[in-house]
Amino acid sequence: MSSRQTEKGIKGYIEVDQELCKGCHICISFCPKGAISLSDKLNASGYLTVLFDDSGDCTGCAICAIVCPEVAIEVYRG
Amino acid sequence: MAKVLMNGNSTIGEAAIRAGCQCYFGYPITPQNELTEHMATHLSRKRGCTFIQAESEISAINMVYGASVAGVRAMTSSSSPGISLKQEGLSYLAACELPAVIVNMSRGGPGLGSISASQSDYFQATRGGGHGDYRTIVLAPSSGQELADLTHRAFDLADKYLIPVIILGDAMLGQMMEPVEFKHEAPEELPIRADALRGAKDRPSRVIKTFTSKPTELEEINWSLFRRYQLIKRQETTYETFLVEDAELIIVAFGIAARIAKGAIKTARSNGLKVGMLRPITLWPFPSDKVQELAKKTKYFLVFEMNMGQMIEDVQLALEGKGEVFFHGRPGGVIPTPSEVFLMVSRLCYQKGLK
Amino acid sequence: MRKVYSRPKSLKRNPFHYCPGCGHSVIHRLIAEVIDEMHIHDSVVGIPPPGCSVFAHHYFDIDMAESAHGREAAVATGIKRTAPDVIVFTYQGDGDLAAIGTAETIHAANRGERITSIFINNAVYGMTGGQMAPTTLLAQKTTTTPYGRDVRIEGYPIKMSEMLALTRGAVYIERTAVNSPANIRKSKKAIRKAFQAQIDDLGYSLVEILSPCSTNWRMSPLESWQWIDEVMTKEFPLGVIKDLTGTGDVD
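Residue numbers (my numbering), protein chains in the order written: chain A, 1 to 78; chain B, 1 to 355; chain C, 1 to 251.
It should be emphasised that the hints constitute simulated quantities derived from the structure, not laboratory data.
Heads up, the beta-carbon is just placed ideally off N, CA and C, and yes, glycines get one too.
Careful: at least some of the hints might be erroneous.
Some chain C residues near chain B, calculated using beta-carbon distances under 8 Å [to be verified]:
#, residue
1, His39
2, His41
3, Val54
4, His57
5, Ala68
6, Val75
7, Thr77
8, Gly78
9, Ile79
10, Arg81
11, His107
Isolated chain A, as found in the complex:
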């Protein structure tokens, strides 16, 4: 991925491991940019997971990863 900047500043993105996610929604509730949303797909464990919304304003703050109990999120910034 090439470096991306918007006029708002640093851009970031996250990768959510769909098989580790248990759909607890905590990342969604704490994300300051509303960049995470609910998926309508079940993973192999039977959880409805969450998806990263790339069109949003993710800054790579990593709050989602800090709160994610499953260590399912990796964060990139820059």
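We have chain A; now place chains B and C onto it with these hints.
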């Protein structure tokens, strides 16, 4: 070295130190406090060694568990009620294959009981005592010298077979003062076992655990433990015989009861009665084979123990219906005399027409 | 773009078996991060309890020795006294540390054992299906207090951190929570400071962490995280309860 006159409890402590015991964790309880105090005086000042008077017997056995996890020779001691408290810890030690030495200077029971000598913890010691299928080696000394020798052997057996070893003494052995020769000096270097857990440096991380969510895994652990127990039975069963070659009546007794029985046997022999004794030294593994061998020539067995009849079951199991078994027991901490045992012996010999 | 957040090395790649939103998952990760950052992976031994986290060894890539319920502080004492260079931590639930293990805990603290206890307070017995814990709140419904904890029958929730602070051997005790990014950051700092107190040979250290248990509280994960703020911290206030380390705020 020269013989020293020493109280039984202190003898165990001194022998343990000379066996390379690095940690002692205990709690005061009559009649074994001289052992705890000996360790407080002599072990605590040794470099690299630890003495802790724990807050309970439960805590003490778990500290032993920790020290064994860290790979050193560790010991705890107590008496009957305190040993009851340690049963959970024993089960965990056995499950994890951790060596440890546990000393029980037993007293009268059940309950808080009495502070006098008794042998009523035989079942507790030889049947595992705690939950689950496991065994611990049980050594039954009968003299001050044996307290020293068997304590040393206990540490060796524990490390060799990765198993907890119980030294089953009693209040009288603990308090008696006898001349003892310590055959070993304390080692210069205190050893650390190869399987010690001290941080995953230059190796994959390891776990010591007893819980599994797979019954088949636990089944295999059980089979593996029992294969080892069979090996111990073959290699470590120990006993003493006294005048059994021509005996028409054999007393079976362990520990302090065997000392008392010897006095009775001497009196019996001087009265022309052909009496001998089998003294198990390992109560587990029990010398069943020797009992069977003796039963080929001798018909009558008198089991004499200071309880309501515990070892007698192992004798009966070993005999498999051969011969006849009689019992003389005194529970509660009462110390029988050689003359009362002789009375029992002579009555039996008379009833059975033995000369 | 550079990666700014990923799994700590001391945490294995095994997926957690814990419930969605469970505090164990977060706290395991924080401890693993601290172990990585302090470079103590080679010399640390963890002692997990019976309970949901009995499988902690599936997750931590460090030496671990299971203990009987409540005996962790005694086992830790046995290891630490034998091998003082090893960093020893216990990982205990509320039943473990505050019920069956109260004596072992208080006396280890009182002796100033150089061990660290991570105390997971979720106000309930999780593994066994949600029974009352010593830290269950008044009026809280559990399977053994179906009408709510009643002070006349069950007494009050117990404040172990405050009690342990009274022992002179305890040098650092803090209560944190893992129900928000800010609290999670504070928990990690507290864990690190507690390990440092052990490394600096100062005394016993304990971090009590209020941890969500959505399953046994009968709430959604998010609701359980909120319940900690709304209800639990009223009974168990967050903050430093004792600090004799002289280190102030650890970075």
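Results for each hint:
no.	hint	in the structure
1	His39	12 Å, violated
2	His41	7 Å, holds
3	Val54	5 Å, holds
4	His57	4 Å, holds
5	Ala68	5 Å, holds
6	Val75	4 Å, holds
7	Thr77	5 Å, holds
8	Gly78	2 Å, holds
9	Ile79	4 Å, holds
10	Arg81	4 Å, holds
11	His107	4 Å, holds
In terms of the numbered hints stated before, the structure departs from hint 1 and from no other.
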